[in-house]
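With chain A held as given, fit chains B and C onto it using these hints.
Chains as they are written, first to last, in our numbering: chain A, 1 to 156; chain B, 1001 to 1177; chain C, 2001 to 2663.
Treat the hints with care, as some may be off.
[Stated by the list, open to error] Here are the in silico distance ranges between beta carbons for each label pair:
| # | chain 1 | residue 1 | chain 2 | residue 2 | range |
| --- | --- | --- | --- | --- | --- |
| 1 | A | 83 | C | 2413 | 40 to 48 Å |
| 2 | C | 2323 | B | 1102 | 24 to 32 Å |
| 3 | A | 83 | B | 1008 | 57 to 65 Å |
| 4 | B | 1073 | C | 2626 | 27 to 35 Å |
[Unchecked claim] Covered, in the sense of this in silico footprint (three residues per stretch, anywhere, with C-beta under 8 Å from a C-beta of chain B), are these stretches of chain A:
| # | segment |
| --- | --- |
| 5 | 58 to 66 |
| 6 | 88 to 98 |
[As the list claims (entries may be wrong)] Chain B residues, not near chain A, derived (Cβ > 10 Å throughout):
| # | residue |
| --- | --- |
| 7 | 1021 |
| 8 | 1022 |
| 9 | 1032 |
| 10 | 1100 |
| 11 | 1130 |
| 12 | 1159 |
| 13 | 1166 |
| 14 | 1174 |
Since the hints were made in silico from the structure, they are not lab data.
Every residue, glycine too, gets a C-beta built ideally from N, C-alpha and C.
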Amino acid sequence: MKRALIALVAAFALAGPALAVLPGEQLRDPKLEARARAIGSELRCLVCQNQSIDDSDAALAGDLRVILRERILAGDTDKQATDYIVKRYGDYVLLKPPFEPQTLLLWLGPALVLMGGAVWVATMARKRNPGDEPPPALTPEEHEQLLRKLDAESAL
Amino acid sequence: MKRAVFLAPVALFALVIIAFAAGLGRDPSRLPSTLIDKPLPVFDLPAVRDGDVGLKTTDITGQPRLLNVFASWCVSCRVEHPVLLQLKASGVPIDGLDWKDEAVDGRKYLVEQGDPYRLAGNDRTGRAGIDLGVAGVPETFLVDRRGRVRYKHIGPISPDDWSGIIKPLMDRLRAEG
Amino acid sequence: MTAEIGQFALILALVLAGVQTLVPMIGAWRLDPAMMAVGRTAALLQLLFIVVAFVSLGACYVTNDFSVALVAEHSNISQPLIYRIGATWGSHEGSMLLWVLIVALYGGAVAIFGGSLRESLQARVLAVQGLIGAAFLGFLLFTSNPFTRLSPIPLDGAELNPVLQDPGLVFHPPVLYTGYVGLSIAFSFGVAALIEGRVDAGWARWVRPWVLVAWIFLTVGIAMGSLWAYYTLGWGGWWFWDPVENASLMPWLLATALLHSSLVLERRGALVSWTILLAILAFSLSLVGTFLVRSGVLTSVHAFALDARRGVYILGIIAAMTGSSLALFAWRAPVLRTGSLFAPLSREYAITINNLFLLAATATVFLGTFYPVFMDVLHGDKISVGPPYYKFTFVPIFILLFVLVSFGPVLNWKRDEMRRLLPRLRWPAGLAAVTLVVAAAVFGIAHLFAALGLALGVWLIVGAFIVLARRWRIGQVSRSDMFGLVRSTPLAVWGLVIAHAGLGVTTVGITAVSAWQTNKVLSMSPGQSVKLAGNTITMVALRPVNGPNYEANQAQFDVVGAFGRSTLTSERRMYPSSQTTTTDAGIGVGILGNIYISVADQNPDGGLTVRMWNHPFVDWIWAGCLLMAFGGAVSLADRSLRVAKVERVVVRPLAAAAEPVIP
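Next comes chain A alone, as it looks inside the complex (with noise of 0.2 Å):
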């Protein structure tokens, strides 16, 4: 049990996200390599289509992966490395668009959806208060009654 612990406390010890960094490009400085794994996460490589610079084997995108952490060693911001990538090949390669006026409905779509929906039901649950309830509709036996009842008023 105390072998158990000890595994799950290790296992737990240290984090950071995985990547497909090859083994030379790496940062001697543990924290400035994290920034740019963090970084290069975010950035889509442009040759392969769907996967970030740092889950790709495609030689461009090592290329990115050596100007970013050179970006980095010059002292650049997380902010600064990403837009002279962006500069070069647009915001195509940011793998989380921009917030601007063209991209308002993805970013805002979501919420809008799920606002709209909770006042659609709000309405709903408010037209549709119990109390509004009809009568259970009649029996067959009480319609028969009622039109006994009825014939026989009819009837005077």
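The following block gives chains B and C in isolation, referenced to the frame of chain A:
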């Protein structure tokens, strides 16, 4: 009012289908260049050919021209090559950037396939190409007389691409003051 | 000869699908029993001929008949038998043939098992099913014929995409398609109900098992796809928000919503038009998924067949099928009987809100998947939408949804009270709170998000079991009374508990692997050791090995951890026929997590690039999915028994009582 609620799905769906239909004809891998109407990035590359001057940004001015990015390892460049040779013969100035390639291999490629280039530089590390936003080869930039990028063509230039798209643009640039 | 038989069978199937569409539809309109009966015969014959076509194609592959273009493109002499069989549905044409086969299988099932259905409803359902079959048989024959011959006949074929040469190929597509296409039955029932103008509890009772079947297969199919990607792509991810993955996730989300809303319809007769709309949308998203994969409108690592003409055809099918059914919905749904009423605090209401969140989640995935297309069309801009987008949109919606999940099953139908509701949840809420505090204390405030995820998992699992505890009145009745209650617990309740608990298990897995996975990338030579997450990993051997149709560089690792020692092998495979390399990762599976090692190319220093991960609790993700599917199966077992029993007693009168629906 109630009807409108029930009509909403079909209306939304119509919009989506129109967008899909319009999206079908587009190639998602063709990226627009971020350099359009901007000056070429600065580079100074060693020569591909023996005893040559190489390729410097400052040399790519004076008249409208093409800057073609190629590599000896690139298969579709070989498809494009005869077109480039023809363009050269008809007097179109083309400069070449040999991307992520050894100069020796680039030289051999030009000897074997023919040499359409006025100036040719070797970009062994690929950095100049990356500064140009090159994702793959071949790519071709149309540069005006002041050294600004005006158009980028992705993939091999076919004769139709030249006569239909690039030549009219080039003629317009030539007419510019 | 075999190919010609297949070809001819497909043409006959197309004709029969046409008959299946027209004759019963007219028959139902004229109330002509003979014409309606034609639908059943046509459905079974259509199925027979598609089976013939499918077996023919399979036979061409098994015998490596390279005169058939498709076989020459996807098989060769050295390809193992199992991948020759798998290649039957491993290509575009083959997978579409599988698609129509499953459409016909469902049609045949309605013809055989739908005997207790109202005759006109069965006829109309079969007609709509026939139309779907006809549309895709036409697609197959006119744009993607699997039986095209080659001349001259090549001596050897090319190769099935090596990434697909994996046992996963044999199971994943058939299972996933059974799920996708299963939603066509819900669609057919929905459209038939709109034409009939009549929806009642009986309708819901008939539809629900089909939805459940589709949902079970979708759940397993998606989980298998995720697992396959995990061990085959070589970088240990299990979900990439890739367009093709999203294409399977969207129908699943709506099928989940449909599963719950049809419960309300069945039990309480409410959410009538909403349920029909969901049925139409769920299958439409299956179609959109097909469009996405087959048209290349979004490039993706998975889009194996990119062809604009096929895209146009499928888009036409979607426009016609979904468009007309939504138009039918707009016309007919307003006159459908609206159901009974329920209070803002009731199980019906909880399920309505569940549907709302699932719809919002679907809309999010839809926006994320297709916004790049919309941007390109409207502005000419190319953008990408990747995992970070979903982290900020989809994940919050799902967290809120998961918080709500445990409320549903403890709420009473029709009406409930808050002061009675809250005490029922004291155990799940209490244990979740304890988990949150303990996890935050042990792992630190930096891992607060992960602690929240674990608490959510506990909330779901305990919340599921509290349903049983309440039902058995634990602590309130004598032991013998309780055993009686345990024995009388319907399978449907067990199904609910298992499925909701499975959701909790998956949540724990996702949380743990996202927060605590560790990874090392290094260059290793035999004899070298490295420590990863408490394990010592030593490369003990590196040698070339040869497979039937590939050459590989195989590395062997010795892993010594707290639980003992194990040996993992990891390969980099090269398929000479198609000049493709693939990765076969070595995975050491453990209850607390996996050690995952993949090898890449030789480095300049002579070592081999080795990437290794520790993935804590990652298997819980798929185990939870299997639990969900198992819960569905348990629930289905209950239904099939009960439907048969109830049929004679209740449903007929119920349907009769609801007769005059359209004035």
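These are the hints, each one checked on the structure:
no., hint, verdict
1, A/83 - C/2413: 40 to 48 Å, "violated, 56 Å"
2, C/2323 - B/1102: 24 to 32 Å, "violated, 57 Å"
3, A/83 - B/1008: 57 to 65 Å, "violated, 41 Å"
4, B/1073 - C/2626: 27 to 35 Å, "violated, 46 Å"
5, 58 to 66, "holds (count 4)"
6, 88 to 98, "holds (count 4)"
7, 1021, "holds, 19 Å"
8, 1022, "holds, 16 Å"
9, 1032, "violated, 7 Å"
10, 1100, "violated, 7 Å"
11, 1130, "violated, 6 Å"
12, 1159, "holds, 27 Å"
13, 1166, "holds, 21 Å"
14, 1174, "holds, 28 Å"
Hints 1, 2, 3, 4, 9, 10 and 11 from the earlier list are contradicted by this structure; the remaining hints agree with it.
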